[in-house]
Amino acid sequence: MVIYIDILFAVNMLMDMTIIWAAGMIMKERVNIPRILAGAAFGAFMYVTTLYRPYINGVVQILVMLMSISLSLIIAYKPNNILRLVKLVLVSAAVSYIAAGLIFSILCFKAFYTYKTVSEILDNFSYTILIVSSILIYMIIKLSRNYLRMVNCKKTEYFDIDIYFNGISAHVRALADSGNSLKDNIGGNEVIICQYNSIKKFFPDNTKIQNDSVEMFKILAETSLRHKLRLIPFKSLGEDNGMLLGIKVDKAVIKAKEKKQIDNIIVCVYNGELDKNGLFDSIINYEIIF
1 MVIYIDILFA
11 VNMLMDMTII
21 WAAGMIMKER
31 VNIPRILAGA
41 AFGAFMYVTT
51 LYRPYINGVV
61 QILVMLMSIS
71 LSLIIAYKPN
81 NILRLVKLVL
91 VSAAVSYIAA
101 GLIFSILCFK
111 AFYTYKTVSE
121 ILDNFSYTIL
131 IVSSILIYMI
141 IKLSRNYLRM
151 VNCKKTEYFD
161 IDIYFNGISA
171 HVRALADSGN
181 SLKDNIGGNE
191 VIICQYNSIK
201 KFFPDNTKIQ
211 NDSVEMFKIL
221 AETSLRHKLR
231 LIPFKSLGED
241 NGMLLGIKVD
251 KAVIKAKEKK
261 QIDNIIVCVY
271 NGELDKNGLF
281 DSIINYEIIF
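Just so we're aligned, residue 1 is where the sequence shown starts under my numbering, counting upward by one.
Keep in mind the hints are simulated off the structure, nothing from the lab. Hints should not be assumed to be uniformly reliable.
To be verified - The calculated lysine to aspartate or glutamate pairs, modelled on EDC-like cross-linking and capped at a C-alpha distance of 20 Å, are:
hint, residue 1, residue 2
1, 183, 263
2, 87, 250
3, 28, 177
4, 200, 287
5, 201, 160
6, 257, 184
7, 218, 205
8, 78, 190
9, 248, 222
10, 260, 205
11, 208, 222
12, 259, 162
13, 218, 184
14, 260, 160
15, 257, 29
16, 248, 184
17, 257, 160
18, 251, 29
19, 28, 190
20, 201, 162
21, 200, 160
22, 228, 215
23, 208, 263
24, 248, 258
25, 255, 190
26, 259, 184
27, 276, 160
28, 78, 287
29, 228, 29
30, 228, 190
31, 259, 273
32, 78, 263
33, 251, 160
34, 228, 287
35, 78, 275
With the sequences and hints as input, model every part of the structure.
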């Protein structure tokens, strides 16, 4: 049997990419496609490399496999601690077993309709099955995630968030809103919408906020904040195709069931009240938290 390394690498990279992506979605990690591609490429490279040592000790082979998975996940998601990495590895292993079961089911299904044995189909294995399996895994995870989000979003949830910028901290209470899908167009960073009164300490003392975000951007561009400013397009808050003034802060710590830290998040300024009853003064995308 002839094995083409380039095809083997490409197929393994596809499967690794699917598994890494699925693990990230399940663990609610921030999905960054270039980093996932890099992690998948590393995993595929490690797999191809091990082909040159077919008689390697079993224990060593398991350790190499764990190291390969761990490094691939570190490249893709940069977990904050060892526990998070262990959880990602375990979820990746579970997804791998599910994927293997799915592929075997497809093989059995194909065997039933072609009147061939599974072993005969394996001897003439089609890479189309891997591609179909990857697509099915993507659809299953995506649909499951959307369903869970719909169920969770039926109840109103608020979260306390501490925002840090230039040695200053501000505390806000945010409404988790699945409809807030704002992103920083420059770096793809997550966005929190905050009332100006809640974060005004981040701005110079003589700053007078205006409703015109573009004009405010021009004014603040003359200050020390100029390298941190952003203009974020939006289609909400009662206005179409508007702009929100944003500032790139150091980090935000979300106090959910597990504390979650997000670095380099964008805080958008809203000059007004987000809730007349004062229950919250910020809005955050539901997916950022979960």
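Now the hints, each set against the structure:
| no. | hint | in the structure |
| --- | --- | --- |
| 1 | 183 / 263 | 14 Å, holds |
| 2 | 87 / 250 | 26 Å, violated |
| 3 | 28 / 177 | 16 Å, holds |
| 4 | 200 / 287 | 26 Å, violated |
| 5 | 201 / 160 | 18 Å, holds |
| 6 | 257 / 184 | 26 Å, violated |
| 7 | 218 / 205 | 17 Å, holds |
| 8 | 78 / 190 | 16 Å, holds |
| 9 | 248 / 222 | 16 Å, holds |
| 10 | 260 / 205 | 30 Å, violated |
| 11 | 208 / 222 | 14 Å, holds |
| 12 | 259 / 162 | 11 Å, holds |
| 13 | 218 / 184 | 18 Å, holds |
| 14 | 260 / 160 | 11 Å, holds |
| 15 | 257 / 29 | 15 Å, holds |
| 16 | 248 / 184 | 9 Å, holds |
| 17 | 257 / 160 | 11 Å, holds |
| 18 | 251 / 29 | 16 Å, holds |
| 19 | 28 / 190 | 14 Å, holds |
| 20 | 201 / 162 | 13 Å, holds |
| 21 | 200 / 160 | 18 Å, holds |
| 22 | 228 / 215 | 16 Å, holds |
| 23 | 208 / 263 | 27 Å, violated |
| 24 | 248 / 258 | 24 Å, violated |
| 25 | 255 / 190 | 17 Å, holds |
| 26 | 259 / 184 | 23 Å, violated |
| 27 | 276 / 160 | 18 Å, holds |
| 28 | 78 / 287 | 18 Å, holds |
| 29 | 228 / 29 | 25 Å, violated |
| 30 | 228 / 190 | 14 Å, holds |
| 31 | 259 / 273 | 27 Å, violated |
| 32 | 78 / 263 | 12 Å, holds |
| 33 | 251 / 160 | 14 Å, holds |
| 34 | 228 / 287 | 24 Å, violated |
| 35 | 78 / 275 | 36 Å, violated |
In terms of the numbered hints stated before, the structure departs from hints 2, 4, 6, 10, 23, 24, 26, 29, 31, 34 and 35, listed from lowest to highest.
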